[in-house]
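Required output: the full structure, derived from the provided sequences and hints.
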Amino acid sequence: GDSVTQMEGPVTLSEEAFLTINCTYTATGYPSLFWYVQYPGEGLQLLLKATKADDKGSNKGFEATYRKETTSFHLEKGSVQVSDSAVYFCALHKTGANNLFFGTGTRLTVIP
Amino acid sequence: DTAVSQTPKYLVTQMGNDKSIKCEQNLGHDTMYWYKQDSKKFLKIMFSYNNKELIINETVPNRFSPKSPDKAHLNLHINSLELGDSAVYFCASSLTTSADTQYFGPGTRLTVL
Chain A
-8 GDSVTQMEGP
2 VTLSEEAFLT
12 INCTYTATGY
22 PSLFWYVQYP
32 GEGLQLLLKA
42 TKADDKGSNK
52 GFEATYRKET
62 TSFHLEKGSV
72 QVSDSAVYFC
82 ALHKTGANNL
92 FFGTGTRLTV
102 IP
Chain B
40 DTAVSQTPKY
50 LVTQMGNDKS
60 IKCEQNLGHD
70 TMYWYKQDSK
80 KFLKIMFSYN
90 NKELIINETV
100 PNRFSPKSPD
110 KAHLNLHINS
120 LELGDSAVYF
130 CASSLTTSAD
140 TQYFGPGTRL
150 TVL
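Keeping their order, the protein sequence lines are chains A and B.
Note that the first sequence covers residues -8 to 103 in the numbering used here.
Note that the second sequence covers residues 40 to 152 in the numbering used here.
It should be emphasised that the hints constitute simulated quantities derived from the structure, not laboratory data.
All C-beta atoms in this analysis are idealised placements derived from N, C-alpha and C, irrespective of residue type, glycine included.
The reader is advised that the hints may include incorrect statements.
Simulated pairs of lysine-lysine, DSS-like, Cα-Cα distance not exceeding 25 Å [as the list claims (entries may be wrong)]:
1) B:K75 - A:K40
2) B:K58 - B:K83
3) A:K85 - B:K58
4) B:K110 - B:K83
5) A:K40 - B:K80
6) B:K80 - A:K51
7) A:K85 - B:K83
Ranges between beta-carbon positions, derived for each pair [as the list claims (entries may be wrong)]:
8) A:D(-7) - B:E92: 22 to 28 Å
9) A:E67 - B:F81: 21 to 27 Å
10) B:D57 - A:G69: 46 to 52 Å
11) B:L93 - A:G69: 42 to 48 Å
12) B:S104 - A:S49: 38 to 44 Å
13) A:T100 - B:V51: 23 to 29 Å
14) B:L122 - A:S(-6): 25 to 31 Å
Below is the structure:
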């Protein structure tokens, strides 16, 4: 079945450090891939998405590239800020389906 | 101008009670969802409605009954609450059933004592 595997957290980084959160997926066909972010006490917000192979999604300094050959969609940011502290979810949506499959979430804490 | 709203934000109740959570979206979307997020932050789909009709009903106890009076609203009623129902429940919507981007509400934290 379709699934998303995400890097286990928690991840703690110092401000301005480089961030990578790994995400790999299993799905037939060509799913769309997403990163959602959940700030403390809030709901999920769409951070970025990519809908086909080699697409790069980017937003707020974060980016992720849809790699079909490695079935991955790793999230990266060059210089994290304290305000980036949140839980990050990788998710996939299969064409024709109508729900998202989420990874287990990765909690990021950025310390000053 | 809230896109997807839920009420209440927090709900604390005793075991055995019946409670409802309401969700409304003002995006003009056809499809709405309920997700459950457990204590480990794992998110799982519970239900999906398209234009007031049930599309997805995952393996959820029949104590949970969604109701969609119109396509802008999807409420969740839970009978005979159990300790294991404690979680955060998120409502979401998308333009159509096949649209890939979903917009989430702020969540309702349910605590069953």
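Results for each hint:
1. B:K75 - A:K40: 22 Å, holds
2. B:K58 - B:K83: With Cα atoms ~20 Å apart, B:K58 and B:K83 stay inside 25 Å; holds.
3. A:K85 - B:K58: Outside the cut-off at roughly 33 Å; violated.
4. B:K110 - B:K83: Answer holds: B:K110 to B:K83 is near 22 Å, not above 25 Å.
5. A:K40 - B:K80: This hinted pair holds, its Cα atoms lying about 21 Å apart.
6. B:K80 - A:K51: The hint holds at about 23 Å.
7. A:K85 - B:K83: Holds - the C-alpha atoms of B:K83 and A:K85 are around 15 Å apart, at most 25 Å.
8. A:D(-7) - B:E92: 22 to 28 Å: The hint (22 to 28 Å, Cβ to Cβ) holds, given that A:D(-7) and B:E92 are roughly 23 Å apart.
9. A:E67 - B:F81: 21 to 27 Å: This hint holds: roughly 24 Å between Cβ atoms.
10. B:D57 - A:G69: 46 to 52 Å: Holds, at about 50 Å.
11. B:L93 - A:G69: 42 to 48 Å: For B:L93 and A:G69 the Cβ distance comes to about 45 Å; the hint holds.
12. B:S104 - A:S49: 38 to 44 Å: 41 Å, holds
13. A:T100 - B:V51: 23 to 29 Å: For B:V51 against A:T100, whose Cβ atoms are near 28 Å apart, the range 23 to 29 Å holds.
14. B:L122 - A:S(-6): 25 to 31 Å: 28 Å, holds
Hint 3 from the earlier list is the only one contradicted by this structure; the remaining hints agree with it.
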